[in-house]
Amino acid sequence: MAVLTREQTTPGTAGPLPTDGLRRRRRYTADQVPLGSLLLRLLGGLVVLVVFLLPYLIMFFGSVKTKAEIRSVDPTYFPREWHWDNYLTMWSTPETPLLQNLISTLVISLCATLVVLAVALPAAYYTARFRFRGRLVFLFLVIVTQMVQPAVLTSGLFREFIAMGILDTWLAMILVNAAFNLSFAVWIMHSFFAGIPREVDEAAQLDGAGTFAVLTRINLPLVWPGIVTAVVFTFVASWNEFAASLVLLTTAGNQPLSVALTKFVGQYETSWHYVFGVSIVAIVPVVLLFMAIEKRLVGGLVAGSVK
Amino acid sequence: MKDLLKALPWIGPAVALIATVVLFPVGLMFWNSTRDISQSGVDKGGVGLDNFATVVGFDAFWPILGRTVVWVVVVVACTLVISLALAALLNKAFPGRRLVRMAVIVPWASSVVMTTLVVHYGLEPYFGIINSFLVDVGLIDSPEGYGWTRHAGTAFTWAMVVAVFVSLPFTTYTILAGLQTVPGETVEAARLDGANGVRTYLSVVLPQLRGAVSVAVLINIINVFNSLPILRVMTGSIPGYDADTVMTMIFKYMQNQRQIDLASALSVIAFLVVVVIVAVYVRLVRPLEEV
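So the protein sequences, as listed, match chains A and B.
For what it's worth, the numbering used here labels the leading residue of the first sequence as 1, then goes sequentially.
For what it's worth, the numbering used here labels the leading residue of the second sequence as 1, then goes sequentially.
Looking at chain A on its own, in the form it has when it is part of the complex (with noise of 0.2 Å):
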């Protein structure tokens, strides 16, 4: 029931090569629109538009007010004065240690970003241009990897890091987002593999180019795309990771803001406006790095169910 082809999991693109986008169809889109249906649908987006933007809007308004005016029983929509110094008074708070827990994120999803890298590559590489025997069989494990979720397998893992001596390291946490983003990476840099013609590779080789020459000079220009798309998806994912970070980093210096952030949570004064503000910091440049991969998210994620 393969019913999605690639050019078209990549809305407004002609897929990772001008070769993928020849059978492209036509657009299922009206051809004349009256004006009354044109308002609608302007309507229909400025309601989207305000519904999906409007709990970061509340984060954002929140985090300039003062501790006194977001406590407020007449709370207000707006903030009445703008508090932009919240934004370096934040980062030392009783309730956890902000600025270490932002290295940590930072440090966990980098690192993981680069063994995904190290390891995806050359597997997807591999796997999209060559057949062997266990082929499938590594495929299947592959995309089982992106449906079984770190959170059902917690208590597994913290009792193997306990015994690898592990537990409440980086290393640990690199290593869970690394094998859970390896999916991911895989299937998107395989499909931007398999978009190459293999007239490309065998040109090269007879001109004297080994595998890993042709991997690296004829194959990496042209997947570019799909490297960069692997490479924020794990970075992206790996920063927000919580249920395994929760269990898996005990001290509070350790942990990621995600884990972090939930310690306000049910203080006697909860000092909302810091929270607000290190979510602002957290999640500004993830939104940004998200927005640029959007016409290729669908394609890692649906596996190999789209091609």
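Simulated from the structure, these hints should not be mistaken for lab results.
Be aware that a few hints might be false.
[Claimed, not checked] Quick look at which bits of chain A chain B covers, simulated, 3 or more residues with Cβ under 8 Å: (1) 48-57; (2) 71-77; (3) 136-150; (4) 153-161; (5) 175-186; (6) 254-268; (7) 279-289.
We put the CB at the ideal spot given by N, CA and C, even for glycine.
For this one, chain A is given, so just place chain B on it according to the hints.
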């Protein structure tokens, strides 16, 4: 065999990573579910299936299981219906469409914990901004509010709202990708036959979305079943087990009660549920065809 050896340097690291972080913990989890492990982590020997008996025999087990089904079914169904409408809108041409599409991505990229935190704050009595909005428009009468986050039932309902909200982007984008595959000719043919917009959508477009919808639904079922952060933030501070799902219960066993053997037993049950869903996915979607 020889070509597998040749492939090993290329796929070996990936296999090693999956084996260490996915396969081995699964095995260890099954093993631990049959052991008696003390709170300090000492393995005191095998107990057969006693841990499973304890977990299933727990008073709140069946209510938790039922609530998990409600959680998954309601969230996935609402997500699907709203996403179908959203995708239909975003597939139509209108000025500013790109901006709206970008806005839809925001909850996808944002930390689910942080999105839930802002809703939790908004529902607080007196100073919560959502609560205060509901008072302003007259839906509730007192700024004390209903204590949305204090009661298991209301907190759980709001958690479902948040879960739908954060599931919308992926689902909408997957259906949008499916809409690109609907050939314009089939829609025009239906129009020429005199079908109106709704009729055309239901009888021509929707059937052709079957593939995209089944992928989106199955991946959503797995994601929602495995979801921890939303309930953890919204209902985590409520005493008792009236807002728990299987997933939050696993973490209660692990963290509050430090009973890793019971946590493992419940994880094994959850894992088997996931295996069944994955099996359905593989059969229905056939992801390995033509790779």
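Taking a Cβ-Cβ distance under 8 Å as contact, does the segment 175-186 of chain A have three or more residues in contact with chain B?
The restraint on the segment 175-186 of chain A holds, since 7 of its residues have a Cβ under 8 Å from chain B and three suffice.
Mind checking, does the segment 153-161 of chain A have 3 or more residues with a CB under 8 Å from chain B?
As far as the segment 153-161 of chain A goes, the hint holds, because 8 residues have Cβ atoms under 8 Å from chain B.
Taking 8 Å as the C-beta cutoff, is the stated coverage of the segment 279-289 of chain A by chain B satisfied by three or more residues?
holds (count 6)
Verdict on chain B covering the segment 254-268 of chain A, criterion of 3 CB contacts below 8 Å:
Since 8 is at least three, the answer is holds.
Taking 8 Å as the C-beta cutoff, is the stated coverage of the segment 48-57 of chain A by chain B satisfied by three or more residues?
holds (count 6)
How does the coverage statement for the segment 71-77 of chain A fare against chain B, requiring three or more residues with Cβ below 8 Å from a Cβ of that chain?
It holds: at least three residues are needed, and the segment 71-77 of chain A offers 5 whose Cβ sits within less than 8 Å of chain B.
Do three or more residues of the segment 136-150 of chain A come closer than 8 Å to chain B, measuring C-beta to C-beta?
Contact hint for the segment 136-150 of chain A vs chain B: holds, 12 residues under 8 Å.
Hint compliance for this structure: every hint is met.
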